[in-house]
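Engineer: Protein chains in written order, with our numbering: chain A, 1 to 162; chain B, 1 to 162.
Hints are not guaranteed to be accurate.
[To be verified] So the derived label-pair ranges between C-beta atoms look like this:
#	chain 1	residue 1	chain 2	residue 2	range
1	B	T87	A	T146	39 to 45 Å
2	A	P138	B	H104	39 to 45 Å
3	A	P48	B	R11	53 to 59 Å
4	B	S110	A	H104	30 to 36 Å
5	A	H82	B	A97	49 to 55 Å
Just so you know, the hints here were simulated from the structure itself, not pulled from any lab data.
Ideal Cβ positions, reconstructed from N, Cα and C, are used throughout, including at glycine.
Take a look at the letters that make up each chain.
Number of protein chains: 2
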Amino acid sequence: MPSDPIAEAHRLWVAHGWADAADGMAAITSLMRAQQIVLARVEAVLKPHGITFARYEVLMLLYFSRRHSLPMTFIGERLQVHPTSVTNAVDRLQAAALVRRTPHPHDRRSTIVELLPAGREVAEAATADLNDQVFGAPWIKPAEITNLIEVIAQIRRQAGDF
Amino acid sequence: MPSDPIAEAHRLWVAHGWADAADGMAAITSLMRAQQIVLARVEAVLKPHGITFARYEVLMLLYFSRRHSLPMTFIGERLQVHPTSVTNAVDRLQAAALVRRTPHPHDRRSTIVELLPAGREVAEAATADLNDQVFGAPWIKPAEITNLIEVIAQIRRQAGDF
């Protein structure tokens, strides 16, 4: 095994005459691996709470909403995930009695998702653990965390995120 | 919709008294979203070649290996993915006649994966397209690509990647 598989791939890219694309390949491969690392950490903390990161995001969106309820369509747009992913997450949250679906008062084709008291408790307990064990933990230097957010904001802006 | 959903989440984190964890939350959420953006771009380029990114990684590992063949176990370790993911990727590549499995000459419990000529052609054609349309494309400034690789290298080093 080489010391750093991505650095090794970069070296091979240059050696094969693809020097112009080597940095971009290494950056994209790094992003894929970083996501894998942080997702594993987040999922490990969420597991005892009985939820995944996808379900945690739905819970927090409801938690922060004024009436603790939101239309399904809004959840999908805001989380930038496919409608079937939202449906699946809400199905699982509803089965665990953390949220419930209610008909939209003005639009019969639409559905409202409402945070239940148990869901609110899970949202708060999971956030306390995530803040303590992952988000607030010193995994990289504070200045570099800000740096990372800013560089990725450029990728997100270019992708039309905001 | 707020202008930037992650900046909005950061603001809410601070407002709820979780300021110490707000930057870490924004950085991790940014990594998750960045991976989603770049994976979608990579998969769009690979689709006409009939492969996914997971299968592309297996092909390239074989392509770069001296004899164009590697043990299954090595592929899993090097790509840092679960053995079932490697099995699935190799199954699909074998069904497309891009690789073939052969018994390990010295270890009956192990399997060797060999790149076939058609697999080599797909690896080269897919790489040409990825280099041209994604890796070598000016998606963020060159200095920031290097910056991103270095910051993520810290996360990877801390996770024991190298």
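Engineer: Does the Cβ pair P48 of chain A, R11 of chain B satisfy 53 to 59 Å?
Structural biologist: 28 Å, violated
Engineer: Lying within 39 to 45 Å: is that true of the beta-carbon distance T87 of chain B to T146 of chain A?
Structural biologist: 41 Å, holds
Engineer: P138 of chain A and H104 of chain B, beta-carbon distance inside 39 to 45 Å?
Structural biologist: This hint holds: roughly 44 Å between Cβ atoms.
Engineer: Return holds or violated for the Cβ distance of H82 of chain A and A97 of chain B against the range 49 to 55 Å.
Structural biologist: 31 Å, violated
Engineer: S110 of chain B and H104 of chain A, beta-carbon distance inside 30 to 36 Å?
Structural biologist: Once the Cβ atoms are compared, 57 Å apart, the range 30 to 36 Å for H104 of chain A and S110 of chain B is violated.
Violation of the numbered hints given earlier is confined to hints 3, 4 and 5; the remaining hints are satisfied by the structure.
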